[in-house]
Amino acid sequence: MATGELSIYNLVKFQAIPPDWPGGFWWHWLFFTVVVIGFVLTMVMGVIYIERRGMGRMQSRLGPNRTGPFGLLQPVADAIKVLLKENIVPVAADKIVHWLAPVIAFAPALMIFAVIPFENGALLADLNIGILYVVAISSVSTVGIFMAGWGSSNKYSLLGAMRNVAAVVSYEIPLVLAIVGVVLIAGSLSLNQMVVAQDIPFILLQPLGFLLFFTAGCAEINRSPFDLMEADSEIVAGFHTEYSGMKFAMFYLVEYAEAVAISAIITTLFLGGWRGPLLPPWLWFIVKVMLVFFAMVWTRTTLPRIRIDQLMAFAWKFLLPMSLLNLFITALQVLADWPTQLIWAMIIVNFAVMAIIILIWSRFFFRLGWGRIEV
Amino acid sequence: MKFERYGIGIAKGLTVTIRHLLRHPTVNQYPEQRLNISRRFRGNELVWNREKCTGCGTCAKTCPQGAIEIVTSTDMTENKYVVDKYQVDTGYCIQCGLCVEACPYEALYFSHAYECAKYRRGELVQGKEDMLDRPERKVSGYFYPDKAKELPEQTMLVEKVTEKR
Amino acid sequence: MAVRTEPFVLNMGPVHPSTHGVFRMRATLDGEVVIDIEPVFGYLHRGIEKLAEQRTYTGITPLTDRLDYISSMSNNLAYCLAVEKLAGIKVPERAEYIRVIMAELQRIAALLIAVGAFLNDCGAYFTPFLYMFRERERIVDLFEMVSGQRLTYNYMRAGGVSQDLPEEFMPALRKFMDMMPRFMDEYDRLLMQNEILIARAKGVGILTGEQAINCSVSGPVLRASGVNWDIRKADPYSIYDRFDFDIPTQATGDCYDRYRQRVEEMRQSLRIIRQAMEQLPSGPVRAELPQLIRPPTGEAYARIEAPKGELGFYLVSDNSIAPYRCHIRPPSLINLTALRDMVRGWKVADLIIIFGSIDITVGEIDR
Chain S
1 MATGELSIYN
11 LVKFQAIPPD
21 WPGGFWWHWL
31 FFTVVVIGFV
41 LTMVMGVIYI
51 ERRGMGRMQS
61 RLGPNRTGPF
71 GLLQPVADAI
81 KVLLKENIVP
91 VAADKIVHWL
101 APVIAFAPAL
111 MIFAVIPFEN
121 GALLADLNIG
131 ILYVVAISSV
141 STVGIFMAGW
151 GSSNKYSLLG
161 AMRNVAAVVS
171 YEIPLVLAIV
181 GVVLIAGSLS
191 LNQMVVAQDI
201 PFILLQPLGF
211 LLFFTAGCAE
221 INRSPFDLME
231 ADSEIVAGFH
241 TEYSGMKFAM
251 FYLVEYAEAV
261 AISAIITTLF
271 LGGWRGPLLP
281 PWLWFIVKVM
291 LVFFAMVWTR
301 TTLPRIRIDQ
311 LMAFAWKFLL
321 PMSLLNLFIT
331 ALQVLADWPT
341 QLIWAMIIVN
351 FAVMAIIILI
361 WSRFFFRLGW
371 GRIEV
Chain F
1001 MKFERYGIGI
1011 AKGLTVTIRH
1021 LLRHPTVNQY
1031 PEQRLNISRR
1041 FRGNELVWNR
1051 EKCTGCGTCA
1061 KTCPQGAIEI
1071 VTSTDMTENK
1081 YVVDKYQVDT
1091 GYCIQCGLCV
1101 EACPYEALYF
1111 SHAYECAKYR
1121 RGELVQGKED
1131 MLDRPERKVS
1141 GYFYPDKAKE
1151 LPEQTMLVEK
1161 VTEKR
Chain H
2001 MAVRTEPFVL
2011 NMGPVHPSTH
2021 GVFRMRATLD
2031 GEVVIDIEPV
2041 FGYLHRGIEK
2051 LAEQRTYTGI
2061 TPLTDRLDYI
2071 SSMSNNLAYC
2081 LAVEKLAGIK
2091 VPERAEYIRV
2101 IMAELQRIAA
2111 LLIAVGAFLN
2121 DCGAYFTPFL
2131 YMFRERERIV
2141 DLFEMVSGQR
2151 LTYNYMRAGG
2161 VSQDLPEEFM
2171 PALRKFMDMM
2181 PRFMDEYDRL
2191 LMQNEILIAR
2201 AKGVGILTGE
2211 QAINCSVSGP
2221 VLRASGVNWD
2231 IRKADPYSIY
2241 DRFDFDIPTQ
2251 ATGDCYDRYR
2261 QRVEEMRQSL
2271 RIIRQAMEQL
2281 PSGPVRAELP
2291 QLIRPPTGEA
2301 YARIEAPKGE
2311 LGFYLVSDNS
2321 IAPYRCHIRP
2331 PSLINLTALR
2341 DMVRGWKVAD
2351 LIIIFGSIDI
2361 TVGEIDR
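Residue numbers (this note's numbering), protein chains in the order written: chain S, 1 to 375; chain F, 1001 to 1165; chain H, 2001 to 2367.
The shape of chain S in the complex, shown without the other chains (with noise of 0.2 Å):
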């Protein structure tokens, strides 16, 4: 289905500025590069303090409150002292595999941001199947943790990256599914169109599929309730177990920028991007994309981790069969055209659709497998 079939989901039509907009391709290549990897450090840094500052404050303490103003300079502390580590590499480790894995997980965390809008026309590059290469790109940094587990010739750091490439393979299924919805609707893979699109915030019409992507999407970072491969009290600190210096450095960027990422992709896909009244549009998608990190953030501290079997199955069992039956709940909708002055009818219609098919799934389908084994 073509985007002007569906012109009703964008009744405002955005005067994008021109793709090498503000000169030549290379200014643009050269601009947008930089703005990207100032916006993912300076982000890191402000979902790290958010995350100490929150979390410190929902387990009834402080937090880091010592370095700058409100301890603002934390994460700078943090980073300087870290950088100053010894770099430790085990005896027995693969060398090159060790030294090569931060750089390999680090490069795609940075290379998602290249197709996320900040404003409207205002990203590196307007791919037309923009939502297809972040997918694409982001498993590619399972690569690079795996490299991690394997290098380091330690047990814990390999028991933490089998389950990380275990979890990244399963739930990229239902993330990809989650994603199809969003786009049926839109009518496209281009990440700015999708926000010209939401006039009407598709979290609101694709309720279910912002729960999918949103719980897949923590898998898939491995942010609690999923960070099963970093789960300090079972394998220490899993794939970077023997990590030190600025290599750990590497590993904790990575952590946080491909949180980011996934806050930033989910507030394009589903919190309607950069669009927002009164405040720039840059502003309003820094403000979202810290909103949904707090989420996360949120559920870290709240909720126990879940064992591995548990991960697979509630991937296989439970996101997957939720995110066809989403899938195929919104392509009926679409085909059937839903006329647009019904469109509130059709959010109260998804979020009945979504309540019922999660109470009847987890009430007659679903199931978490026993986990003993006999021995």
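Hints are computed from structural coordinates only; laboratory data are not their basis.
No experiment lies behind these values; they were computed from the predicted model shown.
Each residue gets a CB set at the ideal place from its N, CA and C atoms; glycine is no exception.
Hints should not be assumed to be uniformly reliable.
Unchecked claim - Calculated from the model, a selection of chain F residues having no Cβ within reach of chain H, i.e. all distances over 10 Å:
(1) Q1029
(2) E1032
(3) N1049
(4) E1051
(5) K1052
(6) I1070
(7) V1071
(8) D1075
(9) R1121
(10) V1125
(11) G1127
(12) D1130
(13) L1132
(14) R1134
Claimed, not checked - Keeping only pairs whose Cα atoms sit at most 25 Å apart, straight-line, the calculated DMTMM-like set for lysine to aspartate or glutamate is:
(15) F:K1160 x H:D2185
(16) F:K1012 x S:E51
(17) S:K155 x H:E2053
(18) F:K1160 x H:D2141
(19) F:K1147 x H:D2141
(20) F:K1052 x H:E2288
(21) F:K1147 x H:E2167
(22) H:K2085 x F:E1101
(23) F:K1149 x H:D2030
(24) F:K1149 x H:D2164
(25) S:K155 x H:E2038
(26) S:K155 x H:D2036
(27) F:K1061 x H:E2049
(28) F:K1147 x H:E2288
(29) F:K1012 x H:D2178
(30) F:K1061 x H:D2318
(31) F:K1147 x H:E2006
(32) F:K1061 x H:E2053
(33) H:K2090 x F:D1084
(34) H:K2202 x S:E51
(35) F:K1147 x H:D2164
(36) F:K1160 x H:E2288
(37) F:K1160 x H:E2053
Given chain S, work out where chains F and H should sit, using these hints.
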């Protein structure tokens, strides 16, 4: 096993944590904010009253760690013991308070000072002069209820309201 | 084609975030599945039993603080009961009540840590742990007020307690008793019905009542398996026969039941403290005793229901100022013997929470 309550339990837990976000934190900022320690504080340092001490050595006998060393000589003219050496190795001290309890002449107290960290091991050994009962040394009320009354009241977390903003 | 796999040995500890101290488990794993486990301990051995043979009866009390260092009051109580049994000392009435109040407060404090650490092992990132530490802090404040220290209280003596309660103690305790039930309800709201916790802990690490009895397990772990055995009721010591309280038990004996059991026991402890506060008489708190106790030749075994289970002290006297032999029956060590039966066949993650649900203190295991 299934998700029997469909996320109700998770939602309840989330409300508890978000409510804590809006509450007062429980912690104190140590070097700036200091709490009053217990009136019966059992600390690292001992305070010794030279006048009351008769050199009986009960404290040294009671000490489970053997950290108290006392050497006395007899003063035949006044018919009493003279304490020549009185030394406590606070590095061995486990702060059990048995010496203070045992002293029959009320000559030994705990000091009310904390933050007694030292840079060298040797500084932990308290000699006779370090332990003297001087007016500027606050004395803990451990085993001496009359001394406890003069000390500031202990700060209790029970008194601090943390549930409401 | 079948993939050829082989089991590998994972050394968990002695330095590991969730081994509760310096405990080591040599786990044989097949992938994530635990095939076998061999506990290794002795990293915190200080020879307390041997040291006790060279110390006076009074001087051993501070040593008992260092056994199970998160429930020092209970250790003091068990030791003092043993000495009193050995020497035939009569304890004043007020001292008995103070001891009960302290022991039950200590039970709440220790169970709070046990529950908090268990939930932390489940992966709830420090939140329940810190909440419960906050409440433990209130109890520790009370202990600091009466004894002057926050961890090694050394408060009880053979023949009573070392000093009377300060006058500001009862108002503070009353305030604590008023706020505690509210906090307990809050903890229940936080995680008791959490679907993830139920999925993680229900049915995991089942210890049947029969197994528990065979392993001579005691305390909340035993009662969670459905065996109604609490020394406070079964063999009342001190003045526990004067109070009205229930012994909660659970049905299946899985990790979730052990968690629930501990929460229920805290509520019962609050009941006991409330009754003891009402009945608290005035009078002396310490029997008149000589400086150095010389019990007659003989032996005595006194046991109490410590927060972790049956804590027993066996003392042999040869009519000198120090015991001839002192043996301690630590609940943690005995409860740990059931670990292997519980964890075999479960995943690594389950190993951690089953281990956490037994609730051990390494200071007590190694002694």
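We went through each hint and held it up to the structure:
Against the 10 Å criterion, Q1029 (chain F) stays outside the reach of chain H, whose nearest CB is about 16 Å from its own CB. No beta-carbon of chain H comes within 10 Å of the beta-carbon of E1032 (chain F); the shortest separation is about 19 Å. No beta-carbon of chain H is positioned within 10 Å of the beta-carbon of N1049 (chain F); the least distance is around 19 Å. The beta carbon of E1051 (chain F) sits about 23 Å from the closest Cβ of chain H, which is more than 10 Å, so the claim that it is off the interface holds.
With a minimum CB-CB distance of about 18 Å to chain H, K1052 (chain F) clears the 10 Å threshold, and the non-interface call stands. Every Cβ of chain H is farther than 10 Å from the Cβ of I1070 (chain F); the closest lies at roughly 16 Å, confirming the non-interface assignment. With a least CB separation of 21 Å from chain H, V1071 (chain F) remains clear of the 10 Å interface cut-off, as annotated. For D1075 (chain F), the condition that its CB be more than 10 Å from all CB atoms of chain H holds, with the nearest at approximately 25 Å.
With a cut of 10 Å on Cβ distances, R1121 (chain F) stays outside the contact zone with chain H, its closest approach being about 20 Å. The Cβ of V1125 (chain F) sits about 21 Å from the closest Cβ of chain H, beyond the 10 Å cut-off, so the non-interface label holds. Even its closest Cβ contact with chain H, about 24 Å, leaves G1127 (chain F) beyond 10 Å, as expected for a residue assigned away from the interface. Once the 10 Å rule is applied to beta carbons, D1130 (chain F) is consistent with being away from chain H; the minimum gap is 21 Å.
Its beta-carbon lying about 22 Å from the closest one in chain H, L1132 (chain F) satisfies the requirement of being farther than 10 Å from that chain. Against the 10 Å criterion, R1134 (chain F) stays outside the reach of chain H, whose nearest CB is about 21 Å from its own CB. Restraint check for K1160 (chain F) and D2185 (chain H): the C-alpha separation of about 19 Å stays at or below 25 Å, so the hint holds. Proximity of K1012 (chain F) to E51 (chain S) is assessed by CA-CA distance (about 21 Å); at most 25 Å being required, the pair is judged to hold.
Between K155 (chain S) and E2053 (chain H) the CA atoms are separated by roughly 44 Å; this puts the pair beyond 25 Å, and the hint is violated. For the hint pairing K1160 (chain F) with D2141 (chain H), the CA-to-CA distance comes to about 12 Å; that is within 25 Å, so the pair holds. Among the hinted pairs, K1147 (chain F) with D2141 (chain H) is consistent with the structure: their alpha-carbon atoms are about 20 Å apart, no more than 25 Å. Only pairs whose Cα atoms come within 25 Å are accepted, and K1052 (chain F) paired with E2288 (chain H) is accepted, the gap being roughly 24 Å.
Annotation: proposed proximity of K1147 (chain F) to E2167 (chain H) holds, straight-line Cα distance about 14 Å (limit 25 Å). Of the pairs offered as hints, the one joining K2085 (chain H) and E1101 (chain F) holds, with about 23 Å between alpha carbons and a cut-off of 25 Å not exceeded. Taking the CA atoms of K1149 (chain F) and D2030 (chain H), the gap is about 64 Å. The hint is violated against a cut of 25 Å. For the given pair, K1149 (chain F) sits about 14 Å from D2164 (chain H) by alpha-carbon distance, which is consistent with the 25 Å threshold.
For the hint pairing K155 (chain S) with E2038 (chain H), the CA-to-CA distance comes to about 18 Å; that is within 25 Å, so the pair holds. The straight-line distance between the Cα atoms of K155 (chain S) and D2036 (chain H) is roughly 16 Å, inside the 25 Å bound, and the hint therefore holds. Restraint check: the Cα-Cα separation between K1061 (chain F) and E2049 (chain H) comes to about 21 Å, which is no more than 25 Å; the hinted pair holds. At most 25 Å may separate the alpha-carbon atoms for a hinted pair to count; K1147 (chain F) and E2288 (chain H) meet this at roughly 23 Å.
For the hint pairing K1012 (chain F) with D2178 (chain H), the CA-to-CA distance comes to about 23 Å; that is within 25 Å, so the pair holds. In summary, the hint linking K1061 (chain F) to D2318 (chain H) is supported, as the alpha carbons are separated by about 20 Å, within the 25 Å threshold. Taken as a hint, the K1147 (chain F) and E2006 (chain H) pair is broken in the structure, with Cα atoms around 69 Å apart against an allowance of 25 Å. For the suggested pair K1061 (chain F) and E2053 (chain H), the alpha carbons sit about 16 Å apart, so the restraint of at most 25 Å is met.
A hinted pair counts as satisfied when its Cα atoms are at most 25 Å apart, and K2090 (chain H) with D1084 (chain F) does not qualify at roughly 41 Å. Using a Cα cut-off of 25 Å, the hinted pair K2202 (chain H) and E51 (chain S) is violated, with the two alpha carbons roughly 31 Å apart. Between K1147 (chain F) and D2164 (chain H), the direct Cα distance comes to roughly 15 Å. Compliance with the 25 Å bound is thereby established for this hinted pair. Taken as a hint, the K1160 (chain F) and E2288 (chain H) pair is broken in the structure, with Cα atoms around 39 Å apart against an allowance of 25 Å.
Simply put, K1160 (chain F) and E2053 (chain H) have alpha-carbon atoms about 45 Å apart, too far for the 25 Å limit, and the pair is violated.
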